[in-house]
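Engineer: Protein sequence lines correspond, in order, to chains Y and P.
No gaps in the numbering here: position 320 of the first sequence is 320 in the working numbering, and each next residue is one more.
No gaps in the numbering here: position 52 of the second sequence is 52 in the working numbering, and each next residue is one more.
Calculated directly from the structure, the hints in this document are not laboratory data.
Since the list gives no way to pick one copy over another, a pair counts as held whenever it fits inside one copy or between any two copies.
Below, simulated SDA-like cross-link-like pairs (lysine to any residue); rule was C-alpha separation at most 20 Å, straight line:
1. Lys44 - Asp155
2. Lys44 - Phe154
3. Lys44 - Glu149
4. Lys48 - Phe151
5. Lys44 - Met150
6. Lys44 - Leu156
7. Lys44 - Gly157
8. Lys48 - Met150
9. Lys44 - Phe29
10. Lys48 - Leu156
11. Lys48 - Gln205
12. Lys44 - Pro152
13. Lys48 - Gln123
2 protein chains.
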Amino acid sequence: MSETIIQLAHGGGGRLSRRLIAEEIVPRFGMESLRDLPDAAELKPEAKRLLFTTDSFVVQPLEFPGGNIGDLAVHGTVNDLAVCGGRPRWLSLSLILEEGLPLSRLRRVLDSAAAAAAQCGLQVVTGDTKVVARGQADGLYINSAGIGEMFPGFDLGPGRVRPGDSVLVSGPLGDHGLAVMAVREGIRIEGGPVSDTGPVHRLVQAIGELAPLVRFMRDPTRGGAAAVLNELVEQRDVGVELTEADIPVSPGTRAVAEMLGLDVLQVASEGRLFLVCAPEAAEQIMARWHKLPEGGGAACVGRISGEAGRVILVTVSGGRRLVDVPQGELLPRIC
Amino acid sequence: MSETIIQLAHGGGGRLSRRLIAEEIVPRFGMESLRDLPDAAELKPEAKRLLFTTDSFVVQPLEFPGGNIGDLAVHGTVNDLAVCGGRPRWLSLSLILEEGLPLSRLRRVLDSAAAAAAQCGLQVVTGDTKVVARGQADGLYINSAGIGEMFPGFDLGPGRVRPGDSVLVSGPLGDHGLAVMAVREGIRIEGGPVSDTGPVHRLVQAIGELAPLVRFMRDPTRGGAAAVLNELVEQRDVGVELTEADIPVSPGTRAVAEMLGLDVLQVASEGRLFLVCAPEAAEQIMARWHKLPEGGGAACVGRISGEAGRVILVTVSGGRRLVDVPQGELLPRIC
Numbered sequence: 001m002s003e004t005i006i007q008l009a010h011g012g013g014g015r016l017s018r019r020l021i022a023e024e025i026v027p028r029f030g031m032e033s034l035r036d037l038p039d040a041a042e043l044k045p046e047a048k049r050l051l052f053t054t055d056s057f058v059v060q061p062l063e064f065p066g067g068n069i070g071d072l073a074v075h076g077t078v079n080d081l082a083v084c085g086g087r088p089r090w091l092s093l094s095l096i097l098e099e100g101l102p103l104s105r106l107r108r109v110l111d112s113a114a115a116a117a118a119q120c121g122l123q124v125v126t127g128d129t130k131v132v133a134r135g136q137a138d139g140l141y142i143n144s145a146g147i148g149e150m151f152p153g154f155d156l157g158p159g160r161v162r163p164g165d166s167v168l169v170s171g172p173l174g175d176h177g178l179a180v181m182a183v184r185e186g187i188r189i190e191g192g193p194v195s196d197t198g199p200v201h202r203l204v205q206a207i208g209e210l211a212p213l214v215r216f217m218r219d220p221t222r223g224g225a226a227a228v229l230n231e232l233v234e235q236r237d238v239g240v241e242l243t244e245a246d247i248p249v250s251p252g253t254r255a256v257a258e259m260l261g262l263d264v265l266q267v268a269s270e271g272r273l274f275l276v277c278a279p280e281a282a283e284q285i286m287a288r289w290h291k292l293p294e295g296g297g298a299a300c301v302g303r304i305s306g307e308a309g310r311v312i313l314v315t316v317s318g319g320r321r322l323v324d325v326p327q328g329e330l331l332p333r334i335c
Numbered sequence: 001m002s003e004t005i006i007q008l009a010h011g012g013g014g015r016l017s018r019r020l021i022a023e024e025i026v027p028r029f030g031m032e033s034l035r036d037l038p039d040a041a042e043l044k045p046e047a048k049r050l051l052f053t054t055d056s057f058v059v060q061p062l063e064f065p066g067g068n069i070g071d072l073a074v075h076g077t078v079n080d081l082a083v084c085g086g087r088p089r090w091l092s093l094s095l096i097l098e099e100g101l102p103l104s105r106l107r108r109v110l111d112s113a114a115a116a117a118a119q120c121g122l123q124v125v126t127g128d129t130k131v132v133a134r135g136q137a138d139g140l141y142i143n144s145a146g147i148g149e150m151f152p153g154f155d156l157g158p159g160r161v162r163p164g165d166s167v168l169v170s171g172p173l174g175d176h177g178l179a180v181m182a183v184r185e186g187i188r189i190e191g192g193p194v195s196d197t198g199p200v201h202r203l204v205q206a207i208g209e210l211a212p213l214v215r216f217m218r219d220p221t222r223g224g225a226a227a228v229l230n231e232l233v234e235q236r237d238v239g240v241e242l243t244e245a246d247i248p249v250s251p252g253t254r255a256v257a258e259m260l261g262l263d264v265l266q267v268a269s270e271g272r273l274f275l276v277c278a279p280e281a282a283e284q285i286m287a288r289w290h291k292l293p294e295g296g297g298a299a300c301v302g303r304i305s306g307e308a309g310r311v312i313l314v315t316v317s318g319g320r321r322l323v324d325v326p327q328g329e330l331l332p333r334i335c
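Just chain Y, same shape as in the assembly (with noise of 0.2 Å):
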């Protein structure tokens, strides 16, 4: 029996299009709202101050260790809002596939993005559904956008940040990134890397109290830790030191990093947050994250320092060395 793909017709509007929709999407995402299929959702946010973001995924492989495009672009998107302080509510997913797209992949794609929006408490309200060609795509592309809630007190930008202060991170680092390029060179070793990609919602949630000693906080994606952490000092009075000892990889993070002589520091995580914080704070965020199973690998990583605009990693065997952003293209199509 030849397998179901996606046919053009799928995106034309007319009866495929809406059989798709009703059959596949909306039952798992459980869009009450969306019965009538309606243009446009409607939200009563319960806050005054919402948050709004929008990411297109166009990760390959499609299925990776750890998860899929499907699960990436919901946590991609409940990420971006949790690290400027929202807690996230609403979500839009919009599909575009290339002809000849599996249905069964679709399906396994779907489900991995429904279980994901259940487990971080939102709802997926409106979507579209594009289709391409063959060679006018690459299997699967998907944006997301998402509409957060304020959580109160926290007052976040990289001009907060001053000398003195604690970096810390949630855990290791680079395990999305070096599991898709593990796929990608046909790299199998035994403990390898397994994408990270997950929510760090609740690690915001969790330190709630705490929010008036929290400067900044950003999810490592494109560029890793390098980008985040020049970004926040770049053309400011400030630096970041790191101690290359306390930062977590996992072994088989490392192993493959080396053998594609990658930097760890500049390869995409999709599941970690940087924090920066008071330093009498880093203690009991620390503690706070512990005991969430995405934080159980929560370190402090290092400080702000004077060092203008410049990140430096004192390394295992006492030399500084310059963290740079990433130049090039090392990682295309990494989320």
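Assemble the complex: chain Y is given as a structure, and chain P must be docked to it using the hints.
Structural biologist: Leaving out everything else, chain P in the frame of chain Y:
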């Protein structure tokens, strides 16, 4: 001098990514909130009821008579909010760029998107940019998600429609779809079709006082009028009776439709509004629409019938023809 093109590194999260965003995107949209490139934008809505929608745009060619994928992406999302009774306020734009895309082309698209957003009085507050390799996209895809605030007084839905209601349309049908098809097929005729891509929110705003008498609104995009009206009556005990003689169609659009053997009723418009209202409101709505440039061609094209689930066209010669949903993929990548 060789032309500047998009490179994979523009999507890598490193220096080139940041330059592209800082130099080409942020200034065009005047995103004050984006100076620090946070992951999410903060919104302070005034209304308690919000609307949320998303659409991905894959139109081919990227530029066509009357517009390009940039203003189309803004108008599409504005219109999805407007037909649900919402005033568009905030927009996200997410780009998937193909390596090799000329920067000049991207600039034209972004200029159009920015102009459309300004014209609609909405702010582009957040975005994302990904780059895929040559052959993995077709130049450029855009996703836009939008948030609107409900105009007061509207209570819309297919379930509110009843026999005897009037069916109005805000202007000629099929201009967008046939403008795109004409380019693709290399048809050049004098006075040929020009896309109607444009916003419909002012048409909705203009009839605010009559809101309680409005039952249903929808923009006839993919699948055209045929898809919208069949969706409206499917599995309901009402039908639609259209009067062919009253349906506005531009001469150039009609000519190209005949050359290509396409039914204008199945072709997308991107700046038109179908509206069903109590019969006593039709004349007043038409009068208000006629005062606006985008409603100058508005017409009452039919009425709601008791013929359950059927959309019937009363032809110029007095015959009755069933208007069916497009079955296959007549017009791929029309929006």
